[in-house]
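Chemist: Chains as they are written, first to last, in the working numbering: chain A, 1 to 509; chain B, 1 to 322; chain C, 1 to 341.
If you are wondering where the hints come from, they were derived from the structure by calculation, not from laboratory data. Any given hint might turn out to be false.
[Stated by the list, open to error] One-sided and incomplete, this derived list gives chain A residues near chain B with beta-carbon spacing under 7 angstroms:
| id | residue |
| --- | --- |
| 1 | 117 |
| 2 | 337 |
| 3 | 357 |
Please read these numbers as outputs of a predicted model, since none were measured by experiment. Cβ atoms here follow ideal geometry from the backbone N, Cα and C, with glycine treated the same way.
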Amino acid sequence: MAEAVTTGNGAYLSVTGISKHFAGVQALDQAQFSCGKGEIHVLIGENGAGKSTLVKIICGVVRKDSGAIFLDGRPIELQDAFDAQKKGIAAVFQELSLIQDLSVAENIFLGNEPTNRFGRIHFGHIYREAADFLNRLGLPNLHPRHLVRDLTLCDKQLVEIAKAAYKNPDVLILDEATSALGEREVEWLFGLMKRLAREQGKAVIFISHRMDELHQVADRATIFRDARYIMTFPWGELKDDEIVEHISGKKNARLEISKSSGAENDYALEVEGASKGGVLKNVSFRLRRGEILGVAGLSGHGQAELLHSLFGDGTLDAGIVKRDGRPVKLNNERQALKNGIVLLPEDRKNDGLILSHSVAMNITLMALNKIQRLGVLLRGQERKGVEDSVEQLQIKVSDTRLPARSLSGGNQQKVVIAKALLVGAKVILMSDPTRGIDIGTKTEIYRLMSELTRKGYSILFYTTEMTELLTLCNRVLVMYEGRIAAELSGDDVTEKNIISKSIGIGGVA
Amino acid sequence: MKTLRLPEKYITLRTLWSSTLLRVLLMITVLFIASGILEPNYFDTAHLMTVLVLACFLGIICIGQTLIILTGGADLSVAYTVTLSACVFGQTAKLTGSSLMGLLAALCVGILIGLFKGIGVARLEITPMVMTLATNSILMSTTYLYTQGVLKGSSHDWLTTIAKGSVWGIRYCVLVWVVLGALTIFLLRKTTFGRKIYAIGSSLRVSRLSGVNTRLTLIIVYVIASVMMTVAGILLIGYLGYPNYTMGNGYQLISIAAVVIGGTSILGGHGSYLGTMGGVIIIYLIQSILIILNIAEAGREIVNGVIILLVLFVYGRSEKTT
Amino acid sequence: MKSDEIRIFARRNRDVIIAYCVLLVVLVLFAQAQADFFTRYGPQSIFNQIITLCIAALGQTLIILTAGIDLSVGTLIIFTNCVAATIMRPIIDLFGGSLLLGGAVTCVIVVLLGALCGLFNGCVVVYGRLQPIIVTLATGSIFSGLARYVRPSPGGDVPSQFARFFTGRVLEYIPMSAIVLLLALLLIWMPYRGRRYGQALYAIGGNENAAFLSGIKINAVKLLAYSIAGMCAAICGILLTAQTRSGDPTAANNFTNNSIAAAVLGGASLAGGKGSYIGTIAGAMILSLIVGLLIFWGISSYYQNLVQGIILILALSVNFFSTIIRERRNKLSALKGGATK
Chain A
1 MAEAVTTGNG
11 AYLSVTGISK
21 HFAGVQALDQ
31 AQFSCGKGEI
41 HVLIGENGAG
51 KSTLVKIICG
61 VVRKDSGAIF
71 LDGRPIELQD
81 AFDAQKKGIA
91 AVFQELSLIQ
101 DLSVAENIFL
111 GNEPTNRFGR
121 IHFGHIYREA
131 ADFLNRLGLP
141 NLHPRHLVRD
151 LTLCDKQLVE
161 IAKAAYKNPD
171 VLILDEATSA
181 LGEREVEWLF
191 GLMKRLAREQ
201 GKAVIFISHR
211 MDELHQVADR
221 ATIFRDARYI
231 MTFPWGELKD
241 DEIVEHISGK
251 KNARLEISKS
261 SGAENDYALE
271 VEGASKGGVL
281 KNVSFRLRRG
291 EILGVAGLSG
301 HGQAELLHSL
311 FGDGTLDAGI
321 VKRDGRPVKL
331 NNERQALKNG
341 IVLLPEDRKN
351 DGLILSHSVA
361 MNITLMALNK
371 IQRLGVLLRG
381 QERKGVEDSV
391 EQLQIKVSDT
401 RLPARSLSGG
411 NQQKVVIAKA
421 LLVGAKVILM
431 SDPTRGIDIG
441 TKTEIYRLMS
451 ELTRKGYSIL
461 FYTTEMTELL
471 TLCNRVLVMY
481 EGRIAAELSG
491 DDVTEKNIIS
501 KSIGIGGVA
Chain B
1 MKTLRLPEKY
11 ITLRTLWSST
21 LLRVLLMITV
31 LFIASGILEP
41 NYFDTAHLMT
51 VLVLACFLGI
61 ICIGQTLIIL
71 TGGADLSVAY
81 TVTLSACVFG
91 QTAKLTGSSL
101 MGLLAALCVG
111 ILIGLFKGIG
121 VARLEITPMV
131 MTLATNSILM
141 STTYLYTQGV
151 LKGSSHDWLT
161 TIAKGSVWGI
171 RYCVLVWVVL
181 GALTIFLLRK
191 TTFGRKIYAI
201 GSSLRVSRLS
211 GVNTRLTLII
221 VYVIASVMMT
231 VAGILLIGYL
241 GYPNYTMGNG
251 YQLISIAAVV
261 IGGTSILGGH
271 GSYLGTMGGV
281 IIIYLIQSIL
291 IILNIAEAGR
301 EIVNGVIILL
311 VLFVYGRSEK
321 TT
Chain C
1 MKSDEIRIFA
11 RRNRDVIIAY
21 CVLLVVLVLF
31 AQAQADFFTR
41 YGPQSIFNQI
51 ITLCIAALGQ
61 TLIILTAGID
71 LSVGTLIIFT
81 NCVAATIMRP
91 IIDLFGGSLL
101 LGGAVTCVIV
111 VLLGALCGLF
121 NGCVVVYGRL
131 QPIIVTLATG
141 SIFSGLARYV
151 RPSPGGDVPS
161 QFARFFTGRV
171 LEYIPMSAIV
181 LLLALLLIWM
191 PYRGRRYGQA
201 LYAIGGNENA
211 AFLSGIKINA
221 VKLLAYSIAG
231 MCAAICGILL
241 TAQTRSGDPT
251 AANNFTNNSI
261 AAAVLGGASL
271 AGGKGSYIGT
281 IAGAMILSLI
291 VGLLIFWGIS
301 SYYQNLVQGI
311 ILILALSVNF
321 FSTIIRERRN
331 KLSALKGGAT
341 K
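Put together the whole structure using the sequences plus the hints.
Modeler: And the structure:
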């Protein structure tokens, strides 16, 4: 099954026919790819295309439903993540897996501490060795004694990478490991990857959404789309736009949606000089009525904090927020809702929905005040509200008494949107609303957003997907280190501009 | 995109068992028959009424315990919330010569205790079980300080009537339980407040992000819960005749056991008070069987512990496992 | 470089350092109140006061580090206390009246019993995948019932030599309690301090998933922690037997409450992954000595539980107060920043 390998000395790791089903959603369908020693293999595809699931199966974190994994030509069955590590497969995931209250060195050595005859750990040795290792790796700025809790997100990510590298794995997997890194750190990581592959003959598997990064390191690439394997090709054989076509699956995948730019000089939300505990610094912008205003930037640069602060999560240290021209206080979520501001949180499963409660209870949770008299629920109004929402958003559910858990990701997101619409807030803060959602539902959500703006809703739209910003927004705020680095509008809203501003090039506007 | 399909509906033993209420009802029947077989005298309505009378005090306490467990906590201060309020009732009634004053004073104490626990849990964000454990220790001291080691006061006529009198063969105190129970069920199922309780118990975070005033709701829950325990304490004086220092101790653990047996998840967010009522009756049926079998208090304590563990094993970890 | 390391050390152990500062204040007050503080009786009485809570709290700390909590400590202590008081005389008789041999065998049996009870807790938590807080509440009831079975009424036959041995002094100056405390610390340090098991405890409490990914055998680590916590409770039960010379199944004790408070005062977080044994000892000493102070100051013993309950609540609200202070500071600095601009 494994295809011919163009670089390295034969396929070291190969997988065939991998399928995986999560509660009603096909996450992987007959996926395959192979990676040779000395090769940097990149996996590309949209969010939710199945890359992360595949990587998790290879690392033993997720069990596959069917298919086979071959390591060095022999089939292997992985019991768990530790089993995979013993077989020489190590990974750096997006979610950080460090112990906050242990030091950098203790984290790097966790589970493999060198001990003496009596089982005592050589702490002196650990700290020396860790300092030495971090130096050799090219990270002399990390102090082995520092507590992980005290590090910046970027440094934590570096420790994570160092921890994986220290295990000296034959297969190193980096799943969006660059998301929190600065430009210099990314460069360092690419150097490390090349050293591991070219000089030490390791297999490196790399997942990233950024074309420019891929150009720097990729030897071969495999494209996934909608949980399926599409193709594997040596890097350079396809042009960028050809790759994009394969990723999106459609020629000229551009959506027929007009950008909502809203009315001039009619502002639904104005923010002036908002600051908060070092994560937001003097943020000012204006959101027009009927506009979709994009918020861009690499994750961890204050976007989430901005949206949450506007929804009343903790008070701002300084700054004024005006709603329809009137200054408002947003000390908690209730005040935000009262002022007509609602948030669709990025973590749908943990922040947006009560998965074990019924779809109906979820939809009405925010708008309880609208379906009661003297605190007693009015069943008729509740049922009507739920039915209207299901119809308006075309939520696919056979019975609204079913738990929200039983819905697919896209329909769950629709339930979250239904909550927000039922409460009637006209300013909607959206945080990555299409993460992990299939393409069909994504398009529905874009259409819905556009429709809402026509009805006078205003949307502050933070997303990690560039194409969404480019298709939906006429104006984009780019955030960098808690500041608004640039406010792009009209023809300036280009991929190149957004990226360069989000990595701090071109100074602060 | 695959649409969801429900399994065909057909009634099997399994689907029957999966309904908590039916499960509770089945257990009650089995236990009642078992006690009837062991002791034929117990196989009549009079015995059932005795069980119900004993059960009504725990039942009223369990209104509070159910509300708190539904929010994801558990109250470990039942013992001295009950005892202190009973002592306050007795002493105030004796001092002022008015049982009404005693009632008011006890209810005020109940509200204060509830505020204390509620603020600790909601505002200071202390783990509910640890907060109530500490509160219990504080209330214990307060009880002794308040009474200075000498318990005063006794039941009053009207109180004794409520606890011991009956109409059409049904004791008044059982009626009190039924009325309060019906109100609780209404509160949980038909009001926005009930909705908020379930939401908070399932996810405090989602509730907050959905605009629920989680702190206020929690504080009110603790106040209602403590007031219910106060009511139970006062009724207990009517039943026992006098307050005593250990009157609340026995209810600490079995109140949690009854709620869990009644199908409410110890993790919060799922359950009903109707189930708890069944759980309370089950507890007392088991106790009466243990008494028939002549098992001492030691054995009953062990059985209580084992029951909780067994119930947890059977359906305590159905929802969210960490 | 050196000063950097000191700074990091201070940052890592801030809570422990604060706990010892508070302890120092309490000790000074204590020295003022107690007339024979600076004689050889001073340390003896102090150590006899603190020893039981210290050991119970050490066990509790282990469980709290794994992000659990043990509500059965109090009744397990009573259970082991009742067993020790009951089996001691028959065992001494079995060994032909040899106090030393009989006493030693009793201690070993009771400690093993404690370990077994702890292991039972651990098994239910680990293999039942249940919440420790409710599991230990239930097992606590079981232990209490067992104690009543062993000793239906308070009493037992404890030789006075046994009592004097544990509450007395060795070599004229060293209190036996201090030696027992050291032994208990060794019991905990042997498998944990500077060992993989110790690192594993912190890792499990901090991030169980990450610990698993690092190849830590989570079940084994937890089972050991619960067993050793059970042993600690048993040692505490033996000491209680020596101090009271009887077993009392009805005794109300505050060990569950106070052991949690001691661990938290010593810097442990109920969320797990944070805490230290040395800090816990400071916490336990503060709590026990405050009770001693109340007695010295002639305050009614009715206040004991009140004071301890309030200390527990205050210790747990530190988090809340520090958040408020941090927010206020941020706001102030933002104001200043705005003014300079």
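Chemist: Take the hints in turn and mark each one as holding or not.
Modeler: Results for each hint:
no. : hint : in the structure
1   : 117  : violated (37 angstroms)
2   : 337  : holds (4 angstroms)
3   : 357  : holds (6 angstroms)
Hint compliance for this structure: hint 1 is the single one not met.
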